[in-house]
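J.: The lines below spell out each chain.
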Amino acid sequence: MSPVLDRLSVGSGTGGNVPRVRIVVCVKHVPDIQSERALGPDGRVVRDGGDGTLNELDENALEAALALVEAGEGSVVALTVGPDDAVDAVRRGLQMGAEDAVHVVDDAVAGSDAIGTARVLAAAIRHLDAQEHVDLVVTGMAGLDGLTSLLPTALAELLDLPALPLAAELTVDGSTVRVRRNLDHSTEVLEATLPALVSVTDQANEPRYPNFKGIMAARKKPITTLTLADLDLDASRVGLLGARTEVVEAAARPPRDNRVLVQDTGDAGVRLAAYLVDNQLV
Amino acid sequence: MTAPVLVLVDHTVDGAVRAPVRELLTLARELAGGAGVHAAWTVDGVEPSAEVVAELGALGATHVHRVVADADPHLSAVLAEALASLLDATGAGLLLVVSSFENKEAAARLAVSTGAGVVTDADGLALVDGRYVASKTVFAGTWSTTCAVTAPLAVVALKSNSVVPSTVEGAPAPQIGEHTVAVSDKARRVTLVERVERPASGRPDLGSASIVVVGGRGTEGDFSVVEELADVVGGAVGATRVATDEGWIGHDAQIGQTGVTIAPRLYVGVGVSGAVHHRGGMQASGTIVAINSDPDAPIFEIADFGIVGDLFTVVPQAAAEIRRLKG
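Residue numbers (my numbering), protein chains in the order written: chain A, 171 to 452; chain B, 1235 to 1561.
Excised from the complex, chain A in its bound form (with noise of 0.2 Å):
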């Protein structure tokens, strides 16, 4: 019998007698996908901007975490990976109700791929588990900077971990986690035996807003930062050095030429017609 059983039950809500689970949850600082995006001369995406934001779809993954740990018992730490003001994102989950936050940040990790970063937060959550058994690690879909969505499959590959991506419901009962998540063309439904990986889309949940008392909160909870050499990760693994992919050149695309805007007066769907057939677009 596994370890975690009857850890947790979500689907039945059941309370009692329930030992602690512990979810680490990734998360990821990106630019505000309101504001001017850019990439740099090195083909790397601009986060000096001081428009960086935790990624929308990470608040899923926080949020999910928080509801399985209320239903039974348990506690949330946020991870992170990225330069000095990444660690707003990790300051956001706290601000949720996340109970830790780690934030790991080395020159080194700069330029890293989805491959890359996987391998980071691999070295992290491996660290966190020989401090305290990790149940469960929850991310969000996919970064709204690269929207690779590699990562956590990348992840769960690497932590030998099963993986059950892209859930638009989530329930732990016992220690099996079970996922249905909606494809192009067809759905599925998931289970696996914890300790598992999960990433939850924006479907799964309705994120909660930090309220004053998690903000202030949120200021006395620690946020441990480690390094690579903390992380006993080799630096080539990782970065620039450790991509098997480069950025020969980026643009910005040109604004659309020949732009037409019609106030309609009667007959604008007769010229859309038009311009459709014209146009042999249809």
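I should point out that these hints are in silico values taken from the structure, not numbers from a laboratory. Some hints could be false.
On the chain A side, residues computed to face chain B include the following (Cβ under 8 Å) [to be verified]:
#1 I203
#2 T318
#3 N352
#4 H355
#5 E358
#6 I385
#7 R407
#8 L410
#9 L411
#10 E416
#11 A420
#12 L431
#13 V432
#14 D434
#15 A443
#16 Y445
Small disclaimer: the values here were computed from a predicted structure and weren't measured. Positions of the beta carbon are idealized from the N, C-alpha and C atoms, including for glycine.
Model the placement of chain B on the given structure of chain A, informed by the hints.
T.: Okay, now just chain B, sitting in the frame of chain A:
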């Protein structure tokens, strides 16, 4: 330097090749330069028919591999192990897959297990000085980038509508082989409890359609005009997050950064305001048409042809006129 190319053939439960695979094979044919195009058909209870093999051959496949794993290939860990084994067997330097969530999960695993360099959501791919160089748009379609794979093995997930598919006249019949895979215990740790494939709607598939008509808040839940226009132009029907959250249409129709990302030749937004999350899923479209009663709707900033007006009069009028013009 050319190397064989491996192409994952996505197929329906009825055994039909999904349309974007035609693009992959067309591209693979160019990139392989005679070194061999290997089509991988994962046998998930469905076998490739003789017609399918002929179709794959006409598109340029020199080999069709029936991949038979001893676990469900819809599990990404199983798929990744099967593909890794086939990459090994074929000596391919490139794996091309359709850019779907499940294929990207397998790609992520291959990146870890094989050291491959992965590019997702590419809209083009070339072999430059012995390196695979992919193009893709980022930041909600506002930036164009090219990205070179520096690892010996490349895995590229290609977006639909990136390549014009073509066939080869008189292509020889592909060799058919069986590739059996014994997956590891760790690939079996996730159980696929249920998998329900959505029935075809009778309209083109949203992710790969060349024309998409999208309904938003402005429809107030009445998608009849959206559907009418879509059917007149042979397009797919999509929706904004508001429309799916309101339950006006299923979540699978949601266009956006977290839903279906589309880049059709023609996008028509009906009552769509153009919130940034939505734009992130459609801004790379060829021609953008928008009909909205609000002249300040952000979608007009990116629309090639915008109409400020009542969608319930403009759209049926356009549909009727297209029907008339097209006879």
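J.: Sort out which numbered hints this structure fails and list those numbers smallest first.
T.: Of the numbered hints, 6, 7, 8 and 9 do not hold.
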